[in-house]
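> Using the hints, position chain U with the ligands against chain D.
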Amino acid sequence: MNKLRDAIDKGKFILTAELGPPKGTDVSNFMNKAEILSSYFDGINITDNQSAVMRLSSLAGCLHLLRAGGTPIMQVTCRDRNRLAIQSDLLGAYSLGIENVLALTGDHPRFGDHPQAKAVYDLDSVQLISVIKSLNEGQDMVGKQLKGATNFIIGAAVSPIAVPLEPELSKFEKKVLSGATFFQTQAVFEPEKMENFMKFARKFNVKIIAGVLILKSVRMVEFINANVPGLDIPESVEVAIRKADDAEEEGIRIAASLVKELRDIVDGVHLMAIGNEHRCVDVLEKAGIV
Amino acid sequence: MVVTEKKNLNEIVQILKSLNCRNIAIIGCGSCATLAGTGGEKEVEELSNLLKNFGFSIAFKSVIDTACHERLAIKSIKEARGISLDCFLVLSCGSGVQNIADVIDKPVIAGLNTVFIGKTKRPGIFLEYCQSCGDCILSETGGICPKTRCPKGVLNGPCGGMHKGKCEVDETKDCIWVKIHEKLNLNERRKIRFSNFEILNRKPRSVGG
Ligand code: SF4
Ligand code: SF4
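First to last, the protein sequences are chains D and U. Taking our numbering, the leading residue of the first sequence gets 4, the next gets one more, and so forth. Taking our numbering, the leading residue of the second sequence gets 3, the next gets one more, and so forth.
Honestly, the hints are just simulated from the structure, not real lab data. Being a predicted model, the structure only gives us computed values, none of them experimental. Among these hints, one or two may not hold up.
Unchecked claim - Calculated pairs, DSS-like style, for lysine-lysine (alpha carbon to alpha carbon, straight line, at most 25 Å):
hint	chain 1	residue 1	chain 2	residue 2
1	U	K175	D	K121
2	U	K8	U	K19
3	U	K168	D	K196
4	U	K8	D	K202
5	U	K166	D	K196
6	U	K181	D	K196
7	U	K166	U	K149
Chain U with its partners taken away, still in its complex shape:
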């Protein structure tokens, strides 16, 4: 999932004020942001109450099943037609916010910070697991991503700073290359592919179309 964190309330209030917004729509997301506890029904309701205390009027509320889906966003926002709105405050990851911005002509305000793609360890505990590099090597590395989980992103084994299985950069964490070896040895895949993995340069990407 895409992991998000709530923005500080003051930051949101400041930006709403600076844009002279009074009548506000709050949009949540029924997918990742709901799972992250940052943009579901509950959080939309909470933020709505908090903003009312600051004197804003919450004129429209909706939790889109998937805020980053264009058709779903258009459908949901149609329901706001006829309501006088100054802006859309969106509680979703950055893709959701941008998707909303694509389909309306009002100011869009990001209510969350998007932090990474990761897993939920326990409710509220998330770990970064993937950088969406576009060239997945997990089948070679025991299902553990060194590009994401090694602070240096090295691709061929532990760096010289590995210490008793722990990471040079953070001694409280395991060296991910030690973990990869343990996993591969467990599965009797002793031969680790010699890696000349491509390192892709980041550029805007799309799939299909």
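Next comes chain D alone, as it looks inside the complex:
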């Protein structure tokens, strides 16, 4: 059963979380986390060489997750594969029971652990969405018939607080027109800004799942501000983490209160714990969701 499809169809508040595959073949830690998350979340994003750091593939991670009883959302970036490889991986994934994808452009290799890697970007995220849509309709991107179509739920990313915002909104609209039906947003810290974005997003019949980052240390805040493209942690949050006796607990508290506030604004939340995934459930508990 596809829990994500179910949650979307029933209009339930959607809960997703992010899980990165290991760098190596030892999936034991990954499996532990996958099992914990599976019972609470409607979908779990398996990242695709996130931040351009080479890891076990998203496709394999999704399969491991399926075995652990979870519902995978396979992240697919345009950075590492051309249109042939992307389409064949998508067919393979669907044939193995993976039914949800998140289509991304992907961070440039320059920031990863293989900065010399050839950046592919044969497609961009908007084109990728339309490719997935055509696979769903039984055709590849050049119009050749498929023996057996896919039936993916197509997700995409959006940065609701991008500056400037207009180009981002225009791209969001293109993603909707190309076939994306749910969006997971860049991490938000200020619900007011999300409300503003929702005024625009509500014109379209798509689900908006707000990204919530679970901070765990001052170092993590500093690292993100310095290294993660397109993401800024506001000063008030940084100060709260710095002042806290226990930074990790403060991170959980901040995330939980965001989840509570976002509940009335958006269609779901997407928890990003970056290594601390076992704490995702604590956030839901503190927010009164489970």
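Just chain U with the ligands now, kept in the frame of chain D:
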């Protein structure tokens, strides 16, 4: 224009030595390489003097109006007839070097590195503006080429790494998609064409003939 850079002198000397060249022809280009300050009259003269210091004899010098033009190249090289020459050292872009190689049977040595097609911002400052993709979309993108000027070459708007209008890959540069939107909005072309621009695979190309 085609933007070129001078090759390191040692590299040129090494290759001349390895080919046992003593009597050398230096060919410049009166077009792009002159504008780039890499292959005009002045640079041919400079290189000629430098190579003399290394003991080479510069037996022929010529700046062809357009080094990548076959007829002009043949005409210019005719003037070298009767001169004993071991090789042609060409200060032009790669097309010019190949054009010279097409019309003579002596070794041809590239004196420049060809870097891109671009514009001259100020003398000595060049910006890459076009990848000669063969399917120009500039009329749709406010006269700004995202295929060339976005490091990811994305065709439908800024990627998620855009930060306060700056590019994920180089924070000192503007995100080119923000620039495209500014330009299109300025011209009240709010509707940006939904792009399914073809991405062409590189293959050897020719126009006409
Ligand atoms: S789209 Fe860009 S790369 Fe292609 S011809 Fe036009 S300027 Fe050159
Ligand atoms: S920030 Fe803009 S220019 Fe830079 S890679 Fe992303 S879309 Fe391209």
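> Could you run down the list of hints and mark each one as holding or not?
Against the structure, the hints:
Simply put, U:K175 and D:K121 have alpha-carbon atoms about 21 Å apart, close enough for the 25 Å limit, and the pair holds. A C-alpha spacing of about 19 Å is found between U:K8 and U:K19, which places the hinted pair at or below 25 Å, so the restraint holds. A threshold of 25 Å between alpha carbons decides the hint, and for U:K168 with D:K196 the separation of about 21 Å falls inside it, so the pair holds. Note on U:K8 and D:K202: the hinted pairing is violated, with a Cα-Cα distance of about 56 Å set against a maximum of 25 Å.
Taking the CA atoms of U:K166 and D:K196, the gap is about 16 Å. The hint holds against a cut of 25 Å. Of the supplied pair hints, the one linking U:K181 and D:K196 holds, its CA atoms being roughly 24 Å apart against a limit of 25 Å. Restraint check for U:K166 and U:K149: the C-alpha separation of about 21 Å stays at or below 25 Å, so the hint holds.
Hint violations for this structure: number 4 only, all remaining hints satisfied.
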